[in-house]
Amino acid sequence: MPSGLISKSAQHTLRAVMSRTEHDVIIIGGGHHGLTCAAYLARAGVDVCILEGRHEWGGAVYTAEVTAPGFCHNIHANFMEFLHIMPFFADFDLPSLGARTIHPEIQAGIAFKDGRPPVLIYRNDMIEETAKSFAVYSKHDADAWRELKAKANMFELVMAAALYTPPAKWNPSESLPNPMLATQSSFSMFGLDEEMAFKTVRDCIDEYFEADEVRALLYRVAIEFAAPSLEWPGSGYFFLFACLFMPGCWRMMVGGTHRLNGAMVTACIKEGVTMRESSRVKRIVLEGGRAVGVELVDGKRLMAKRAVVSAIGLKDTLLDMVGAEHLSDYTRRRAAHFKEGPDQVLGSVAMALHEPPKYKSARWDPGIDRAWYQVVGYDSAKDVLDYCRAGHCDRVPELPAAAVWVNSLWDATQAPPGKHNLTGWYFFPKASALSEAEWEEVRGTYNDRFLRLYGEFAPNMTRENVIADYLHTPLDQERGMRMREGDFGHGAMSLDQVMGLRPFAGVAHHGTEVPGLYLAGSCMHPGGGVTAACGYNAVKVLCQDLGLPPVWQNPRRFY
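Numbering (the working numbering), first residue to last: 21 to 579.
Worth double-checking, as some hints may not be accurate.
[To be verified] Only pairs whose alpha carbons sit at most 27 Å apart, straight line, appear in this in silico BS3-like list of lysine-lysine:
#, residue 1, residue 2
1, K189, K325
2, K152, K380
3, K402, K378
4, K219, K171
5, K402, K219
6, K378, K152
7, K320, K302
8, K380, K402
9, K325, K290
10, K402, K335
11, K320, K159
12, K359, K189
13, K439, K378
14, K335, K325
15, K171, K133
16, K133, K402
17, K152, K171
18, K359, K335
19, K189, K560
20, K439, K402
21, K219, K359
22, K560, K325
23, K302, K380
[To be verified] Simulated restraints on C-beta separations:
#, residue 1, residue 2, range
24, G319, R483, 22 to 28 Å
25, M174, P479, 38 to 44 Å
26, S208, E76, 51 to 57 Å
27, E375, D468, 18 to 24 Å
28, A432, R472, 26 to 32 Å
Hints were generated in silico from the structure; no laboratory data involved.
Nothing here was measured: the structure is a model prediction, and the numbers come from that model.
Even for Gly, the Cβ is constructed at its ideal location relative to N, Cα and C.
With the sequences and hints as input, model every part of the structure.
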C-alpha cells in the first residue's frame with residue numbers, strides 16, 4: 021500500500037513491526053494450519069511471528085478470477101466438510117469475521133450419458149432422501165445407507181476426537197504404532213466385520229452396495245475426499261471416513277473459500293500475531309543443534325526464543341531448511357522416502373458459463389442439476405476404476421471425466437448476474453510424471469476433450485456456453501503452492517503414512533529430533549483437507565512442552 025494512503029502513526033507502527041528480529045515463536049507457512057497454530061499460541065500469551073513466502077495467506081484456501089472478470093473459482097480447496105466440528109471455527113467465532121457458510125441440501129450426484137436416473141446424496145439430516153435415490157436402483161442399497169449413515173451421524177464426535185487429537189509420542193523401545201488397530205475398532209463400532217479394515221475401499225463399497233450406479237458415485241466420492249487408491253489393501257478405513265462420514269456435511273463459503281482464509285487472518289491479527297508475507301524462508305538456523313530462528317531468502321535473520329514451527333512440507337522443512345547433514349540417519353531416510361501422491365494429485369478445471377449444466381438425467385430427478393458436487397463423464401463403476409488406475413501408472417486418464425461444482429447456483433455473488441462459475445477436479449499423475457512440455461499440451465487440450473464428453477451427459481455444455489476456461493495442472497500446484505508432486509495432502513495416505521505413522525513414527529507427535537523444531541503442516545495427522553487439525557494438534561503439544569495454558573480447551577467440546 022502506498023505510504024500516502026495510511027497515517028503517519030500507522031506507518032510508524034508498520035515499520036516497527038517489520039524491523040523486529042526476535043519473537044518467542046516463529047511459524048513457517050501461512051496456510052490454514054499455520055494460521056491456526058499462530059492464533060492459539062498468541063491467545064496463550066506467546067509473541068508469535070508467522071512467515072508466508074507468497075504475497076497471500078491461506079495456502080490452498082484461496083479463490084481467483086482465472087477465467088474472466090467477476091467469475092470466482094476455488095482453484096483448490098472448495099468443500100468445507102469440517103467446519104461444524106472444527107475447533108478454530110468456533111473458538112475464534114469466524115462467522116463474525118466474515119466466514120459465512122451455505123449447507124446445500126443435495127451434496128453429491130452422478131448423471132449418466134443415456135439419461136437414466138441420477139444417484140444423489142443429501143445432507144446428513146436427510147438420510148431418507150438419499151435412500152429414496154438409491155432405491156431407484158436397489159432397495160438393498162437404500163437400506164444399507166439408512167443403517168450406515170445413521171451410525172456415521174451418531175459417531176461423528178468420535179471421529180472428530182480422532183482428527184483433533186495428536187498421536188501418542190512414540191518411544192523407539194516400544195512397538196511401532198499400528199493404524200490397523202484403530203481401523204478395526206472403527207469397523208467394530210459400526211457393527212461391521214473387523215476384517216473389512218484390511219480390505220480395499222473398493223472391496224468395502226462392493227460388499228455393502230450392489231448397484232453399479234451407486235458404486236460409481238461412491239468410488240468417485242471416496243477418491244475425491246482423501247481415500248488412497250480404491251484398490252490398496254488395508255485402506256478400508258477410508259470407506260467409513262470418505263463414503264459415510266463426509267458426504268452430507270459439506271459446506272461452502274459465501275463469496276469463495278478465500279473468505280475463510282480472510283477470517284482466519286483477521287483472527288490472528290486480533291490476537292496480536294505478527295504477520296509477514298512475501299517472506300520466504302531459506303533455512304532454519306541451528307545453534308548447538310537447536311532450532312533458534314530462520315534465515316530468509318534475502319539474508320535477513322529472525323530469531324525465535326522458544327520454538328520454530330514449520331507448517332509446510334516435510335521434505336521442505338527437514339531436508340531443505342534444516343539440512344540432511346544435521347539429521348540422524350533414521351530421520352534422513354524417513355524424510356527422503358516420504359511418499360507424495362499419486363492418490364491426492366489434482367488438476368483443477370475452471371469454466372465461466374452462460375448457463376449451468378442441464379443433465380439428461382434431470383428428466384427423472386431435477387435435483388441433479390442443483391447437486392453441489394456433480395460427477396460427470398462416467399457411465400459405470402468400471403469407468404471410475406479405470407480412471408483412477410491411470411494416475412497410479414503415471415498416465416493422464418484417457419477418459420476426460422471429472423467432478424465439478426457450480427457454486428453460483430447457491431451463491432450468486434460468485435459470478436456476474438445471470439452467469440455461472442464451474443470449477444472441478446481431474447485426477448492426474450504426479451507432477452514429475454510428465455515433462456513441462458507435456459503438461460503444457462494437457463493444459464491446452466484436456467478441457468476441450470472434457471467439454472466434448474460433457475456434452476454427451478448435459479447437451480447444453482457446448483463450447484458456445486463457455487465464456488472462458490482454465491486448467492491448473494499438478495505442476496502449477498507444485499510451483500505455486502509448494503505442493504510437491506501436486507499432492508494436496510502433502511504426503512500419500514498409504515497405510516505406512518497415516519495416524520501414528522504420519523509422516524513417520526519419530527515425529528508423529530509434532531516434535532522433532534531437532535530441539536525447538538515442531539511440525540504443523542498437512543504432512544502430519546490427519547493429513548490434507550481444510551481441517552485445521554494439524555495446526556490445532558501442534559498447539560496441544562506446544563502448550564504442554566512450553567508450559568502454556570491450555571487455551572484450546574472448551575467446556576462445550578471434549579477434544
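Could you check the structure against the hints above and give me the numbers of any it violates, in ascending order? 10, 11, 15, 20, 23, 24, 26
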